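**Q** Use the sequences and the hints to build the structure in full.
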Amino acid sequence: MADRTSHNENPGGLTPRSAGGQAVATGVRESVDLASALHWYRQMVVARRFEEETERGFRRGKIGGYLHVYSGQEAVAAGMLAELRPADIFFTAYRDHAHALFRGAPPGAVMAELYGKATGLARGKGGSMHLFDVSRGFYGGYGIVGAHIPLAVGAAYALRYKGTDKVCLLFLGDGAMNSGGFHEPMNLAGLWGKEGLCPLVIVVENNEYAMGTSVTRSSAVTDLASRFNQYAIPNERIDGMDFLTVRQTAARVAADVRATGRPYAIEAVTYRFAGHGAADMFQPYRDKDEVETHRRRDPIVTLEHHLREAGLLDDAKIAAIQAEAEQIATEAVQFAEESPAPPPEDLYAHLYGEET
Amino acid sequence: MADRTSHNENPGGLTPRSAGGQAVATGVRESVDLASALHWYRQMVVARRFEEETERGFRRGKIGGYLHVYSGQEAVAAGMLAELRPADIFFTAYRDHAHALFRGAPPGAVMAELYGKATGLARGKGGSMHLFDVSRGFYGGYGIVGAHIPLAVGAAYALRYKGTDKVCLLFLGDGAMNSGGFHEPMNLAGLWGKEGLCPLVIVVENNEYAMGTSVTRSSAVTDLASRFNQYAIPNERIDGMDFLTVRQTAARVAADVRATGRPYAIEAVTYRFAGHGAADMFQPYRDKDEVETHRRRDPIVTLEHHLREAGLLDDAKIAAIQAEAEQIATEAVQFAEESPAPPPEDLYAHLYGEET
Amino acid sequence: MPEQTYRDAIRSALIGEMDRDSSVVLMGEDIGLYQGTFRITADLLAKYGPTRVIDTPISEEGFVGSAIGMAMLGLRPVVEMMTWNFSLLAFDQIVNNAAKIRYFSGGQVDVPLVVRGPNGAGVQLSAQHSQSIEVFYAHVPGLRVVAPATPADAKGLLRTAIRGKDPVIFLEHAALYNIKGEVPDGDFTVPFGKAEIARPGRDVTIVAFSRMLQVALAAAATLAEDGIEAEVINLRSLRPLDRDAIITSVSHTHRAVVVQEEWKPYGAAAEISATIMEGAFDLLDAPVERVTGADVPMPYARNLELLALPHEEHIVAAVRRTLYREGASHA
Amino acid sequence: MPEQTYRDAIRSALIGEMDRDSSVVLMGEDIGLYQGTFRITADLLAKYGPTRVIDTPISEEGFVGSAIGMAMLGLRPVVEMMTWNFSLLAFDQIVNNAAKIRYFSGGQVDVPLVVRGPNGAGVQLSAQHSQSIEVFYAHVPGLRVVAPATPADAKGLLRTAIRGKDPVIFLEHAALYNIKGEVPDGDFTVPFGKAEIARPGRDVTIVAFSRMLQVALAAAATLAEDGIEAEVINLRSLRPLDRDAIITSVSHTHRAVVVQEEWKPYGAAAEISATIMEGAFDLLDAPVERVTGADVPMPYARNLELLALPHEEHIVAAVRRTLYREGASHA
Ligand SMILES: Cc1ncc(C[n+]2csc(CCOP(=O)(O)OP(=O)(O)O)c2C)c(N)n1
Ligand SMILES: Cc1ncc(C[n+]2csc(CCOP(=O)(O)OP(=O)(O)O)c2C)c(N)n1
Ligand SMILES: [Mg+2]
Ligand SMILES: [Mg+2]
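Residue numbers (our numbering), protein chains in the order written: chain Z, 163 to 518; chain P, 163 to 518; chain G, 12 to 342; chain H, 12 to 342.
Just so you know, the hints here were simulated from the structure itself, not pulled from any lab data. Each hint should be verified, as a subset may be incorrect.
[As the list claims (entries may be wrong)] Taking lysine-lysine and the DSSO-like style, the derived pairs with C-alpha atoms no more than 30 Å apart in a straight line are: (1) P:K328 to G:K58; (2) H:K191 to G:K275; (3) Z:K328 to H:K58; (4) H:K191 to H:K205; (5) H:K58 to Z:K324; (6) P:K356 to P:K324; (7) H:K58 to Z:K356; (8) G:K176 to P:K328; (9) G:K275 to H:K58; (10) H:K58 to P:K450; (11) G:K275 to H:K205; (12) H:K205 to H:K275.
[What the hints assert, rightly or not] Some chain P residues close to chain Z (C-beta under 10 Å, calculated; not the full set): (13) R222; (14) M339; (15) G343; (16) F344; (17) L350; (18) S381; (19) A440; (20) M443; (21) T492; (22) Q496.
[As the list claims (entries may be wrong)] Here are the in silico distance ranges between beta carbons for each label pair: (23) Z:T326 to H:P202: 42 to 52 Å; (24) H:R31 to Z:G515: 11 to 21 Å; (25) Z:G515 to G:D30: 49 to 59 Å; (26) Z:A249 to P:G358: 37 to 47 Å; (27) H:A229 to P:E452: 15 to 25 Å; (28) Z:S297 to P:E517: 52 to 62 Å; (29) P:G358 to Z:D449: 22 to 32 Å.
All of these numbers come straight from a predicted model, not from anything done at the bench. By construction, the Cβ of each residue, glycine as well, lies at the ideal position given by its N, Cα and C atoms.
**A** See the structure below:
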């Protein structure tokens, strides 16, 4: 793993890293199985349509609290989860709807959680920020920025401790990197990785903002991938708007981490199309043009182009997929609407595992 | 400041950095005013002798709590404080006796604080870990590892905010770098420094251990200076056992920080001769040989050689200085012994600045 | 008297203090360019510039600690906690540094720091974002802990906080930002540790702070329809606690109900209840009642959230228990 | 019954659990190579190796959070807090993650985490290292908080903690590590939430936990010389609180004194005092007394430190006040 080592010990790895990013972006067209990419295109379309319904549900007062939609970033979670094995696990923050859907959680159960219903993915206890589907290896869904990071590091340790070859995937935002909750466990991951005891794939979803605060205004260095050098964690920056790039990187990195038990970090450069949350309507921190420019890099459109080129998609197929997404989203809403609220006795349920 | 910038943006700065350290170590002999170094030699001898008395006081049950002596590391604080102006300020952790003495605090008042007397530097309220002498710009003396770091960053900001050209000096240990208390404020320092609002000189006293845990076992990267690259804080590693090296570096760095309002980090490689604290008697984490090897690099002996070479010291002068140190230490103990305990009403004094 | 919202009261107090004293600086997450999560600081970045209105990264421990350092050097930082839930990340800085530095330095420094922001439950913000953390700070010597329930108190207490020499935990409530109330003109201040009788009455004393004061006043109005005259005490500050005001009231009502939004066990109401018993044991005709939130993390589902929060009817029922000794709560 | 020190009781419980269950791992600062600050884990690194006895950097938030993740994946981490003072840096992880994950996930995960270490004042460790932090955790639903006062309780409660499904705050006391006591042979456990009558008596109930139980027992012995028979309750756990045991005792003694080492305002004793009033109001012949530490950060000077801590004579005086109603504490 000469390359790995150079990344570890030599922060000069910067240049090869960016270069590597390019290489991936171009080299990928041929190398990736495009057929299965069609499946993920469909998933991304569904997620996008699903988020339209969550925003509508919020406006209609059916969904409460904070609502953070994923629109614009789909290629990151889709590309990464595409290469995760069923037995693998992952953690993310509160912008988690698409992650749950991509992992196979029933759209109805996800929507029902947002509606605060008993049939929700977390029985209506968690809501939008705390989706959980442990049966599928999804360990949540957390609201305190940065505070879920150490959980994933410990979980990765446990996977190796128990002698499995599973890996743990950790998603975090650019803003989370400025918290002590990032620094302390990343150093632990670097240390444990040297013993092959930390099979952790770290994905920074760099969407350029933490609420209204841009990376330039919140991080002393803007090359976020390079921040992992302090922890001897090899890292690279990639185009997070291109599903094929993300997926090929995910395949290579997951295999490597699975084999070595050492952590690896990917900075996926992406963009959030919507406001930070439902309350962020005016977005005084960025102008319309900026958003428009990025919308032209829409990951769904980009993948659509790849698939058209490959002759795997045409207008008819696209229309069919959109109709299907329409139906899935509508049925999810209907399921959520019709589901019962949690029974009053649930107030005290799930507090402790044992009575005393 | 091409060199600065390269340090900022290019973690490859590693090599030049170490080289720089060497350069300083050799280049220094001629360049520094050796005469005044004699004064600091005397200070270091006094501090060493003083610590013998604090250890004796602890064994005799006159000093309670935790006691962390500085023996072996004198060149770091002496070299740095030698270049601090009277109006400048500094913060450190709990291994703070020598820092207070070097800054000119009366040895009797320092010893009296350790004895828990009313005449102590902090009126007997703080003890060994919480020495304070604000009249001399010494802002303490803190016991929670890493937690004093943000204080110094905010203090540096305040110095510039008020339009002064003062600098803030921050001492921290190698172990403290693994805490969130290091990461968060260092990123703030990097950001504020870009506006010229953080005149902070950071000194990592790398004595190779955090209690019983070596740097290799606690930090994923062992080149500690390089850890500041994540914060765009220029940095270098120097020989912390050589007073002249430390002092020359301090002069250059302090001038630079004062002029630019940007932070700069120095990793001073040193060694702790005594146990971590008075309770650390057997030191199962290191063997005698290791300690012996380092004792041969005793900073006091090293400076003694420089001064002998320069014809500024001979056996007679050394004997005189030791006698003087002996007297200062003994008088400090006597003063502490004879001082009264704080009056009972002090229990509730200094709790609030105002009654309600 | 002119009316002002709780939000504008806080906002205008901040502006007033920044205008009269250049050592006052604001710091926090998204208080500047984003205009503040609750718009308390809207337009202030433009008005005062980035060295006085400091947008920070997501580094609660780092920026609260830095604010302590600024305060030690003579600035008067007012830190916004986007919500108090996040202060748990700065807990060590507040408890081990801000509250203690003056003491263990033997009185060598002032720490004029104010940390302010919304505390308590919102609407369906779920477990990690719906906590009322007052007792964590009220327990700690060296801190002042205030929880204004009205626009006038918010304004007067914030002025006192910013002008003082000690760290102040200033607890606002998101559900109060839009309430209106009369606010005196001029440079008035409200001192710490002085409770107010928000409504006089002879039959029972209701002690409340922050949002629960509004709920207590509603309960008192309902009770009045049955001829029960409750005296409602607006506590204003938890540390120092106005023990005398509470005891004086109870010594003529002989009954007391203490209200808090948070989990019952080891909550603020326990201290107030114990203080009443210690100070008025012989005068009590009934055990002091506590009305509190349910002892669970806040659930997301609205129906469960409503069950977890204390409401007017709980206060009314508790008052009736103290009057008629119904119920088994003290069997 | 064989005797064992409090330290050996904890140590042998750890060894026993590690031997019977390979999912038990130890983590903390200097627990391995350094042999543990209080030598609880001495020799365990050699015995179990570095994957089960994990020396950590100074990263409380990081390693407590990692332990939570391990626990979610089915390990049983036992984290040593070198002293509980440092847990304030992991406060968010314990309060917002460990305590709540089961709840907001709708019951999808267990979090069998134990965090243990010495709590309370030592000898001249000064303000940042002399805190008794129990109430910060006792307030939080989702946690269990235990504070053993005897070797037998330490051993039995630690077994229960390690074998359970929920996060446990296990509060030891440095001043207790060397005390000896009888410890039953065999695999006994002590359940959470069950207090014990450490000394039976008819005249007054003294409620205590951790080190203060030893002080309370000494006070009871002194009182006995005057023919005053105090019933001393060893609380063992603060959450859950054994309300019934306390009320039962008070309902035949009609008087109570609650003892705690920490700052009085909003401390654990307030909850116990309020609970007694709520549960036994009609049976109380005197207000419940609280004996606590002084409301100041711990001073370094030994004479001041002694003034800041509660001692036997304070308990004796409080008991006398409840019996003869002397003093003005409830005037
Ligand atoms: C510790 C903490 N501080 C502040 C917040 C409020 N907050 C919620 S999301 C957010 C921005 C996070 O940005 P980033 O990590 O980049 O994730 P993104 O929202 O861009 O996906 C902030 C400040 C929080 N939830 N937790
Ligand atoms: C947050 C915290 N965790 C643990 C401790 C216990 N402790 C005191 S000193 C120390 C080692 C610090 O090492 P370093 O920073 O290298 O400073 P040095 O003692 O070598 O000068 C530890 C772990 C503490 N005081 N604070
Ligand atoms: Mg972001
Ligand atoms: Mg060290």
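**Q** Decide, hint by hint, whether the structure agrees.
**A** Outcome of the hint check:
{"no.": "1", "hint": "P:K328 to G:K58", "in the structure": "holds, 28 Å"}
{"no.": "2", "hint": "H:K191 to G:K275", "in the structure": "violated, 36 Å"}
{"no.": "3", "hint": "Z:K328 to H:K58", "in the structure": "holds, 28 Å"}
{"no.": "4", "hint": "H:K191 to H:K205", "in the structure": "holds, 22 Å"}
{"no.": "5", "hint": "H:K58 to Z:K324", "in the structure": "holds, 19 Å"}
{"no.": "6", "hint": "P:K356 to P:K324", "in the structure": "holds, 17 Å"}
{"no.": "7", "hint": "H:K58 to Z:K356", "in the structure": "holds, 22 Å"}
{"no.": "8", "hint": "G:K176 to P:K328", "in the structure": "holds, 24 Å"}
{"no.": "9", "hint": "G:K275 to H:K58", "in the structure": "violated, 44 Å"}
{"no.": "10", "hint": "H:K58 to P:K450", "in the structure": "holds, 24 Å"}
{"no.": "11", "hint": "G:K275 to H:K205", "in the structure": "holds, 20 Å"}
{"no.": "12", "hint": "H:K205 to H:K275", "in the structure": "holds, 24 Å"}
{"no.": "13", "hint": "R222", "in the structure": "violated, 40 Å"}
{"no.": "14", "hint": "M339", "in the structure": "holds, 9 Å"}
{"no.": "15", "hint": "G343", "in the structure": "holds, 7 Å"}
{"no.": "16", "hint": "F344", "in the structure": "holds, 7 Å"}
{"no.": "17", "hint": "L350", "in the structure": "holds, 8 Å"}
{"no.": "18", "hint": "S381", "in the structure": "holds, 7 Å"}
{"no.": "19", "hint": "A440", "in the structure": "violated, 29 Å"}
{"no.": "20", "hint": "M443", "in the structure": "violated, 28 Å"}
{"no.": "21", "hint": "T492", "in the structure": "violated, 45 Å"}
{"no.": "22", "hint": "Q496", "in the structure": "violated, 45 Å"}
{"no.": "23", "hint": "Z:T326 to H:P202: 42 to 52 Å", "in the structure": "violated, 34 Å"}
{"no.": "24", "hint": "H:R31 to Z:G515: 11 to 21 Å", "in the structure": "holds, 19 Å"}
{"no.": "25", "hint": "Z:G515 to G:D30: 49 to 59 Å", "in the structure": "holds, 55 Å"}
{"no.": "26", "hint": "Z:A249 to P:G358: 37 to 47 Å", "in the structure": "violated, 53 Å"}
{"no.": "27", "hint": "H:A229 to P:E452: 15 to 25 Å", "in the structure": "violated, 47 Å"}
{"no.": "28", "hint": "Z:S297 to P:E517: 52 to 62 Å", "in the structure": "holds, 60 Å"}
{"no.": "29", "hint": "P:G358 to Z:D449: 22 to 32 Å", "in the structure": "holds, 28 Å"}
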